[in-house]
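*Asks:* Residue numbers (my numbering), protein chains in the order written: chain A, 211 to 630; chain B, 211 to 630.
Worth flagging that the hints you see were computed from the coordinates, not collected in a lab.
A hint or two may mislead.
No distinction is drawn between identical chains; accordingly, a pair holds when it is met within one copy or between any pair of copies.
[What the hints assert, rightly or not] Below, computed lysine-lysine pairings styled on DSS-like, alpha-carbon distance capped at 27 Å:
| hint | residue 1 | residue 2 |
| --- | --- | --- |
| 1 | LYS418 | LYS269 |
| 2 | LYS222 | LYS418 |
| 3 | LYS455 | LYS429 |
| 4 | LYS222 | LYS434 |
There are 2 protein chains.
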Amino acid sequence: MSIAERMHQLGKQARDSARFLAQATTRQKNSALLAIAHTLRQQELQIMAANADDLANAKAAGLPEAMLDRLALDTQRFAAMLEGLMQVIELPDPIGEISQLRYRPSGIQVGQMRVPLGVVGIIYESRPNVTIEAAALCLKSANACILRGGSESIATNCALARAISTALAASDLPATAVQLVDTTDRTAVDLLVSMADYVDVIVPRGGKNLIARVSALAKVPVIKHLDGICHVYIHQEAELDMACKIVLNAKTQRYGVCNAMETLLIDQAIAADALACVVPALHDRGVELRGCALSRQLAPNIEKSATDEDWSTEYLAPILSIRIVDHLEAAMQHINTYGSHHTDAIITQNYAAARRFLQEVDSGSVMVNASTRFADGFEYGLGAEIGISTDKFHARGPVGLEGLTSLKWIVLGQGQVRGE
Amino acid sequence: MSIAERMHQLGKQARDSARFLAQATTRQKNSALLAIAHTLRQQELQIMAANADDLANAKAAGLPEAMLDRLALDTQRFAAMLEGLMQVIELPDPIGEISQLRYRPSGIQVGQMRVPLGVVGIIYESRPNVTIEAAALCLKSANACILRGGSESIATNCALARAISTALAASDLPATAVQLVDTTDRTAVDLLVSMADYVDVIVPRGGKNLIARVSALAKVPVIKHLDGICHVYIHQEAELDMACKIVLNAKTQRYGVCNAMETLLIDQAIAADALACVVPALHDRGVELRGCALSRQLAPNIEKSATDEDWSTEYLAPILSIRIVDHLEAAMQHINTYGSHHTDAIITQNYAAARRFLQEVDSGSVMVNASTRFADGFEYGLGAEIGISTDKFHARGPVGLEGLTSLKWIVLGQGQVRGE
Numbered sequence: 211m212s213i214a215e216r217m218h219q220l221g222k223q224a225r226d227s228a229r230f231l232a233q234a235t236t237r238q239k240n241s242a243l244l245a246i247a248h249t250l251r252q253q254e255l256q257i258m259a260a261n262a263d264d265l266a267n268a269k270a271a272g273l274p275e276a277m278l279d280r281l282a283l284d285t286q287r288f289a290a291m292l293e294g295l296m297q298v299i300e301l302p303d304p305i306g307e308i309s310q311l312r313y314r315p316s317g318i319q320v321g322q323m324r325v326p327l328g329v330v331g332i333i334y335e336s337r338p339n340v341t342i343e344a345a346a347l348c349l350k351s352a353n354a355c356i357l358r359g360g361s362e363s364i365a366t367n368c369a370l371a372r373a374i375s376t377a378l379a380a381s382d383l384p385a386t387a388v389q390l391v392d393t394t395d396r397t398a399v400d401l402l403v404s405m406a407d408y409v410d411v412i413v414p415r416g417g418k419n420l421i422a423r424v425s426a427l428a429k430v431p432v433i434k435h436l437d438g439i440c441h442v443y444i445h446q447e448a449e450l451d452m453a454c455k456i457v458l459n460a461k462t463q464r465y466g467v468c469n470a471m472e473t474l475l476i477d478q479a480i481a482a483d484a485l486a487c488v489v490p491a492l493h494d495r496g497v498e499l500r501g502c503a504l505s506r507q508l509a510p511n512i513e514k515s516a517t518d519e520d521w522s523t524e525y526l527a528p529i530l531s532i533r534i535v536d537h538l539e540a541a542m543q544h545i546n547t548y549g550s551h552h553t554d555a556i557i558t559q560n561y562a563a564a565r566r567f568l569q570e571v572d573s574g575s576v577m578v579n580a581s582t583r584f585a586d587g588f589e590y591g592l593g594a595e596i597g598i599s600t601d602k603f604h605a606r607g608p609v610g611l612e613g614l615t616s617l618k619w620i621v622l623g624q625g626q627v628r629g630e
Numbered sequence: 211m212s213i214a215e216r217m218h219q220l221g222k223q224a225r226d227s228a229r230f231l232a233q234a235t236t237r238q239k240n241s242a243l244l245a246i247a248h249t250l251r252q253q254e255l256q257i258m259a260a261n262a263d264d265l266a267n268a269k270a271a272g273l274p275e276a277m278l279d280r281l282a283l284d285t286q287r288f289a290a291m292l293e294g295l296m297q298v299i300e301l302p303d304p305i306g307e308i309s310q311l312r313y314r315p316s317g318i319q320v321g322q323m324r325v326p327l328g329v330v331g332i333i334y335e336s337r338p339n340v341t342i343e344a345a346a347l348c349l350k351s352a353n354a355c356i357l358r359g360g361s362e363s364i365a366t367n368c369a370l371a372r373a374i375s376t377a378l379a380a381s382d383l384p385a386t387a388v389q390l391v392d393t394t395d396r397t398a399v400d401l402l403v404s405m406a407d408y409v410d411v412i413v414p415r416g417g418k419n420l421i422a423r424v425s426a427l428a429k430v431p432v433i434k435h436l437d438g439i440c441h442v443y444i445h446q447e448a449e450l451d452m453a454c455k456i457v458l459n460a461k462t463q464r465y466g467v468c469n470a471m472e473t474l475l476i477d478q479a480i481a482a483d484a485l486a487c488v489v490p491a492l493h494d495r496g497v498e499l500r501g502c503a504l505s506r507q508l509a510p511n512i513e514k515s516a517t518d519e520d521w522s523t524e525y526l527a528p529i530l531s532i533r534i535v536d537h538l539e540a541a542m543q544h545i546n547t548y549g550s551h552h553t554d555a556i557i558t559q560n561y562a563a564a565r566r567f568l569q570e571v572d573s574g575s576v577m578v579n580a581s582t583r584f585a586d587g588f589e590y591g592l593g594a595e596i597g598i599s600t601d602k603f604h605a606r607g608p609v610g611l612e613g614l615t616s617l618k619w620i621v622l623g624q625g626q627v628r629g630e
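Excised from the complex, chain A in its bound form (with noise of 0.2 Å):
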């Protein structure tokens, strides 16, 4: 079977699939994702093995450490993917809950009814438990998913892949409600995000390229997660003992997360004070500094001038730059033209200021005195997350279960017609 028919039958499969897990009880829905936590724990030891034949693979090709990392399962890392997927099972189910029910002059009762999106296609980097994530959150959310890991793990996803339809096989859902993409050939994924017949949305997970890559190709709506650019603003009314806590961990507490900060804003007003409690500490834990002019000539110790291109770079590393703002428009106007609208944060005890930068800031996440690095589903409320989208159709920021919904139109008549 050549790719394009391969990738038309899975599609095919999804779609029939979909229409079946869109009229799938709660209970079900939940019985299946139970069953597939019991067949990867039965299966363990078959799904480690592929792990270590993909490490091993990963480790001759030569593969830097962090990625060999994330393609590494252990016990722990396991266990937690178990525990990741109880945890979606009692998520409230989001599917067939009726909202905004009301009567219409005409005498009609008109609301609004949550349902799946249908198929959805999701494209990652080579982390094994992505794929135990992104199949609970589609299941639980009635949809099926194809999943198209990094080539790097496949034979832990396709071990993975073997417990999930085992475990569906046996349940009251189609098998083919969630299936992998068994080839690391390219095209694949070409193909899948063109499949506008099979495919009602595509998420990919993973670097620029990836994404631009999928974008330019997809015939299919996209939830894209573009950079993480997200700034601290300190404004002049901060509390600097706050201030300082927070840049902390927006800069420090993980550097290779989308939700990092990457450029501090200061208020000209507070600069000096901010900048002689904040630059002792980032250097404390090894962030590099790249400043602007007025920074540098307040904190010599500012180690190098930032650029034009520092403002639109996500490091994802222990750098950070810092600019100096005149006032609370010209932070606003900062993030707004070099901030890729995903997660901004304004440090203020006023209230106004606080009220405008939640009002004017264009971005996914906007939070007043609290850490960029809450931008996630899980600190939402949200339970898990299939992405973080810095667009804004359809769905911004953290996206959790009812991303992966749309709401359908009920009418509820006894008769009605319409007149003239």
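Keeping the supplied structure of chain A fixed, place chain B upon it in accordance with the hints.
*Replies:* Same frame as chain A, but now just chain B:
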């Protein structure tokens, strides 16, 4: 200026206006809408003269009567246009609304704020009233818009756009918040739908060809409206009087509209009685019937046989296809296979059948005991609609102000940082 330069200019101006509009107060937006209504009234004579020119050209070009009718403005239609504007003023302002603000275990408060999408591109046929309706809905939802009406209405639209600009220039909102593409060159459309930097969503309102062309070229999300192949299904436990009344209304109240019924499905258990009731009534109104073999056996006065093509045809005319189905399941399968996911209704007194139909029919609007003609923004209480979506992504069914908005996350803290 080349067309590309002109479109680029419109896009840039729209983007700049959108930033400003997003911060406008409800009062500023309503005042601007009121000012537009006043200016339109003042310039009624000039607008009517421009419309007369358009009509003369269209007649000379031999446009069909139906298109001339859509193009023509008269005193009554002009008044209706202004009345529509006043109705949009009275709609609640969706922007800035904060929902579901709740505390999380970390101590942060998380909620969602409704914000505009940004810049909306609307491409429509030669119906001048859409110019005003679209502009009003976009302004009220704080979106800048770029309007591209049919080429036959260019003089009317330019006159309307002049009135809008005049009113906006004297208001608190930017004069470029509403802009008209002032060329009839078709490449303008191709440019408009591919300016992803400047345009956030495209709403094509028009025939299949337009929508197909826009979808093929678009680099921007599209709120698509494909066919309106709507069904009424007479279940075996339908009240026949009600069924007949709804069938007549859904088919004959207006023919050229997307929410008119195109196929009637009848449960075989009730087929003879139902046909005896609806066939003469439909014939009385001059509707041509095309039936399946069984229906023609039961009602030999059904004049034509329906082919497979009929099941997927949107007649928009006094033609109806009729099919006898074995049971509810078969009806739903027919609808999900041949329908266009627009609007479908069941007529029944059976609770379980109604419930299953609501749940399992995969359409933007699903109805029980009501005419499909109700699928409309006004009837649903949205005030007005910018379009009807047959997609699932972002918006389904009639799209009102809310469909032109998005939700961003807001986080209110008091110094919270994220722990490991």
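*Asks:* Against which earlier hints does the structure fall short, listed by number upward?
*Replies:* Those not satisfied come down to hint 3.
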